[in-house]
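**Student:** Residue numbers (our numbering), protein chains in the order written: chain Y, 1 to 406; chain B, 1 to 373; chain H, 1 to 141; chain L, 1 to 143.
Wrong hints could be hidden among the right ones.
To be verified - No farther apart than 30 Å at their CA atoms in a straight line, the calculated lysine-lysine pairs in the DSS-like style are these:
id : chain 1 : residue 1 : chain 2 : residue 2
1  : L       : Lys-130   : B       : Lys-82
2  : B       : Lys-82    : B       : Lys-106
3  : Y       : Lys-297   : L       : Lys-138
4  : B       : Lys-195   : Y       : Lys-297
5  : Y       : Lys-297   : B       : Lys-3
6  : Y       : Lys-44    : B       : Lys-291
7  : Y       : Lys-297   : L       : Lys-10
What the hints contain is simulated information worked out from the structure, not anything from laboratory work.
As the structure is a computational prediction, the values presented were derived from the model and not from experiment.
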Amino acid sequence: MSDTDTAKCKGNRQAQTVGSGTALPAEDGVEAALVGWLKQTLDKRVFDAVLVPVEVPAGDSFAYLLLRDPAILDNASPLPPVMPIQGGKVISRLTMRGNGNQQPEAARIAAVVRPCEARAAVELAKLQQAHLDNLYLITIDCPGVLPLSDYIEDPAAGAARFAQAAAQRDRSPMRPTCQMCNHFSMLPAPISDLHVATLCSDGTLSIVPGSPEGARVLEEMDMPVETSLDGWAAQVEAMEQAQTERRQQAHAELRQTVAGADRLLDVFSSCINCHNCQRVCPICYCRQCYFESDALKLPPENYMARAERKGALRFSPDTLLFHIGRALHMILSCVSCGACEDACPMDIPVGQVFSLLADRAQETLGYVAGERLDEALPLVTYEMEELGHVEQPYVAIYREQEVQDA
Amino acid sequence: MRKGLRFNKGAEETVRELLRSLLESARVSGVLTLGRTGGADGGVAYSLFTDPDAFGTDGVALPLLPFMPANAGGLLSRLTLKRPLSEPIAAVVRPCELRAFIELVKLNQGSLDNILLISSTCGGVYPLDVGANGSLQERLPQYWEAVEQGELDDDVRSTCRACGSFVPENADITIALLGETDLEAQCTLYLNTEKGATFVDGLEGAEETPMPGDLETELIQRVYSQRAACQDALFAEVDVGLKGLIDTFGRCISCQACKTVCPICYCRLCYFDSQDCERPLEFYQGELKRKGGLRVPSDTVFFQLGRLAHMSASCVGCGMCTDVCPADIPVSTIFSKVGASVQALFDYQPGRDVEEEPPLRTFEAEELAQVVM
Amino acid sequence: MEEFTPNIVGFLCNWCTYAAADSAGVSRFETPPSVNVVRMMCSGRVDPLFVLTAFLRGADGVLISGCWPGQCHYQKGNLHARRRTAMLKSIFDTLGLEMADRFRLSWVSASEAPRWARVVDEFTEHIEQLGPSSVYEELFL
Amino acid sequence: MSEERSFEPKIIYFMCSWCGSGGSETAAAHHLQYPENVIPSRVNCTGALPAVHIVRPLIEGADGVVISGCHPGDCHYNDGNFRARRRVALVKSLLDTLGLESERVWFRYVAHGEGRRFVDTAAEFNDHIKKLGPNPLKTRSDT
Chain Y
1 MSDTDTAKCK
11 GNRQAQTVGS
21 GTALPAEDGV
31 EAALVGWLKQ
41 TLDKRVFDAV
51 LVPVEVPAGD
61 SFAYLLLRDP
71 AILDNASPLP
81 PVMPIQGGKV
91 ISRLTMRGNG
101 NQQPEAARIA
111 AVVRPCEARA
121 AVELAKLQQA
131 HLDNLYLITI
141 DCPGVLPLSD
151 YIEDPAAGAA
161 RFAQAAAQRD
171 RSPMRPTCQM
181 CNHFSMLPAP
191 ISDLHVATLC
201 SDGTLSIVPG
211 SPEGARVLEE
221 MDMPVETSLD
231 GWAAQVEAME
241 QAQTERRQQA
251 HAELRQTVAG
261 ADRLLDVFSS
271 CINCHNCQRV
281 CPICYCRQCY
291 FESDALKLPP
301 ENYMARAERK
311 GALRFSPDTL
321 LFHIGRALHM
331 ILSCVSCGAC
341 EDACPMDIPV
351 GQVFSLLADR
361 AQETLGYVAG
371 ERLDEALPLV
381 TYEMEELGHV
391 EQPYVAIYRE
401 QEVQDA
Chain B
1 MRKGLRFNKG
11 AEETVRELLR
21 SLLESARVSG
31 VLTLGRTGGA
41 DGGVAYSLFT
51 DPDAFGTDGV
61 ALPLLPFMPA
71 NAGGLLSRLT
81 LKRPLSEPIA
91 AVVRPCELRA
101 FIELVKLNQG
111 SLDNILLISS
121 TCGGVYPLDV
131 GANGSLQERL
141 PQYWEAVEQG
151 ELDDDVRSTC
161 RACGSFVPEN
171 ADITIALLGE
181 TDLEAQCTLY
191 LNTEKGATFV
201 DGLEGAEETP
211 MPGDLETELI
221 QRVYSQRAAC
231 QDALFAEVDV
241 GLKGLIDTFG
251 RCISCQACKT
261 VCPICYCRLC
271 YFDSQDCERP
281 LEFYQGELKR
291 KGGLRVPSDT
301 VFFQLGRLAH
311 MSASCVGCGM
321 CTDVCPADIP
331 VSTIFSKVGA
341 SVQALFDYQP
351 GRDVEEEPPL
361 RTFEAEELAQ
371 VVM
Chain H
1 MEEFTPNIVG
11 FLCNWCTYAA
21 ADSAGVSRFE
31 TPPSVNVVRM
41 MCSGRVDPLF
51 VLTAFLRGAD
61 GVLISGCWPG
71 QCHYQKGNLH
81 ARRRTAMLKS
91 IFDTLGLEMA
101 DRFRLSWVSA
111 SEAPRWARVV
121 DEFTEHIEQL
131 GPSSVYEELF
141 L
Chain L
1 MSEERSFEPK
11 IIYFMCSWCG
21 SGGSETAAAH
31 HLQYPENVIP
41 SRVNCTGALP
51 AVHIVRPLIE
61 GADGVVISGC
71 HPGDCHYNDG
81 NFRARRRVAL
91 VKSLLDTLGL
101 ESERVWFRYV
111 AHGEGRRFVD
121 TAAEFNDHIK
131 KLGPNPLKTR
141 SDT
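Work the whole structure out from these sequences, hints included.
**Tutor:** This is the structure in structure tokens:
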């Protein structure tokens, strides 16, 4: 599947206007309503399979299941209190090899994910690590997720804490990156085919089409798109504005704690080089990471010489190189999901630092990760006239000046 | 030919002075041991020290800190992977780290040449959480008190409490810690090898009282039986059967951190990261025809069983896997338990003898008749 | 009740057991149609992961079969296979997995077509007694 | 001798094999000299220089990195220098955000014939880094 094919299938999602949706009865809560709706889609064969988080048998976490049996959906949890594995990674795993022999009747799969997971999936599709044709991204207004370690300590209490915080729209118990997330919904640009609007001011629940494909699904389900969403849009806009302010403030504070060699090395001083941040990162898709490759395995003389020059050499000797280098490789596609921070055994605020780096780097190159499928990745394209500040102006008389000085 | 050396100085001081004098006298060019990183609020990491000042009283080195940010066996392997060291270094490591390194040398992932191996009778280490929340320093008094009594502090890792291999094998120098009285004021070093004796021989500033000794004291024997009981209890906690494994690994987030930090899992490209584990969409559709649903990615129990098949014979039970697990899965308990049974099957102890072939690289002509139909 | 035909994956060594199975077919020995044969160059080539994959993808039994000790085409592959089998059984046993009982190693040389028929008969009967494996039904593997 | 003078920085000069190193050849033909502590490193095209290779020397012991490729429009591979510019922008953004002195990375086009421009760049960057002083990461043992 080529670039152009992908673009053709899913078009420019921004073309779809977000004005109205279709109401979904929500007496038993968002999750039950959505599960009921998904069951109907399976029954009507609108979707052949659904990818959705389901509670694991021990009841202490959730895992993505690809399922076609509606009975299994009873244990499904479209909006679980944690994100044990980034959904973008799951979608990539499922679709990375594409649709083998291009069957004409390929199964239609609905993937119920959070907005940051959908954005990661979009980035992965651009990186040729996922194929989104025949895959329908369904997102939900996201209240954030709890840090995994908090939840696993006591799943029941965690679930209760999450439910309460979600109801009160309180992000304080959530992951630090969720606390400062300003991409928790589908505005300003739709990133998914269908979006479940839960933040309506009157407490109702609506499904909003985000793409022509999504609209067609609602048609097939005989669900007329006629409910006005003005109240929801205003609500989301206000919240996004507040969250953006919060994000900027958090980033400003964060920069105070990380900027400069000393502070930066303090922040990463307890890193144990497990590279788990890279392992769970949806964007870090390389089979063989540069930082685990032979490029960093050096003969002992090299390590000894460096140790002698500095008096000591931290071992493994590439902690900072790993973090900065990893950022260089993936930061332009970073969706600030916080999976890295969640998986860090040393509680290093790596997700927060990366979200700061991502915002600044993406701003420099005029790009927002995961927003548009038809936009080229910033490092595979360029403009003739841009980034003039990078170039060092040449002072022709430099040498002569110095000769005169001498 | 084990020889004892008694010093009338605290253990910490003795080891620091030993390492400093080794560096100052240029008997070694570097010392691999734990040290502080970053500033005041910094962390702890292994470092290769070349400056003797690191071992002064205010130095950043922390050779006896009960903490394991990485298995040093893996680090020594990385240091000597390309070729053996051309100049001598000393490495202060724990018994399990030493065993891991010996295993890695057997697996052609490192070289013992030019490394003076210093280890200690091990009182266990604290979990990584303790280092992450910064409470390591305050726990040290109770840790050393427990060690002097041959006990283990309640908060050290469960793997350590159940570890029956706390007396180092193959160390050139062993620092006696467990069950030694008054570690603040005196310390005994055992020189186990000719190499160890040569390095220490005639070092300045060491007030030596030769004391021939044996580590197999009554107290050490008691610790063995205590830990064995602890191990039985821990192994009994393992939830067995397929349902048990699914319950245990259900919350696995497939990050494979257990594999990344495992010193024995040295493969550059793990099978579970290989193309074999990537499937076309048709595969998943085919599976869905046969069953109602499947987990994606679907290799939690499979991954762990596969990893057991690949490395359990060499598992040294260091506990790193449990320590890093973001989902708090007791990986190491399962691996130690399976490791113990596989190792018993071949009468093999990882890290015991560098000349001994790993069990799956060799065979006997007549053996294991029970497994053949 | 529907009759249960075990689904057994047989990893057969190219030089001995595969030839024996071939010869058993040519000689019209009657064996149950339960074994799906995977032809390997040597029983020593069977990575434990192959066995695990077979079980996790729904096999009711796994059979590795190679040359008799001393007769391996590559001298010692079968002896390595024996150690691996012992190790894998030990892992299954320790973790209380019934796969331990559904997994066999046998020696069948090229000339032993009747023996191959007997091995298949025996193992099939054994698996029939155990019933279908429940591994495949698990959603959360 | 002042403190500033006694510090001899270690500088890596990445140059593309067509223009940047062409400039150095022209400089040599004209017997123009540049500081000895500037270590030239030739890459096929600045567009083929991974961003990590710009940062790695800075962490592992260099005081500065300077990159020279063809002028816009002159790239032997059409657009490598434009891609390099984006990458340098990314590196600088990252270093800026982390407070790691992005001015230790310079990017300047040097054509094959511009021998004078090449030696000037080397000398100017050398003086610039001398003023900045040693790279703080160079002495840190815990990177």
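**Student:** Does each hint fit the structure? Answer for all of them.
**Tutor:** Cross-check of the supplied hints:
1. L/Lys-130 x B/Lys-82: violated (36 Å)
2. B/Lys-82 x B/Lys-106: Roughly 15 Å separates the two Cα atoms, so the pair holds.
3. Y/Lys-297 x L/Lys-138: Holds - the C-alpha atoms of L/Lys-138 and Y/Lys-297 are around 20 Å apart, at most 30 Å.
4. B/Lys-195 x Y/Lys-297: holds (28 Å)
5. Y/Lys-297 x B/Lys-3: The hint is violated at about 38 Å.
6. Y/Lys-44 x B/Lys-291: holds (19 Å)
7. Y/Lys-297 x L/Lys-10: Given that 30 Å is the threshold and the Cα spacing comes to 23 Å, the pair holds.
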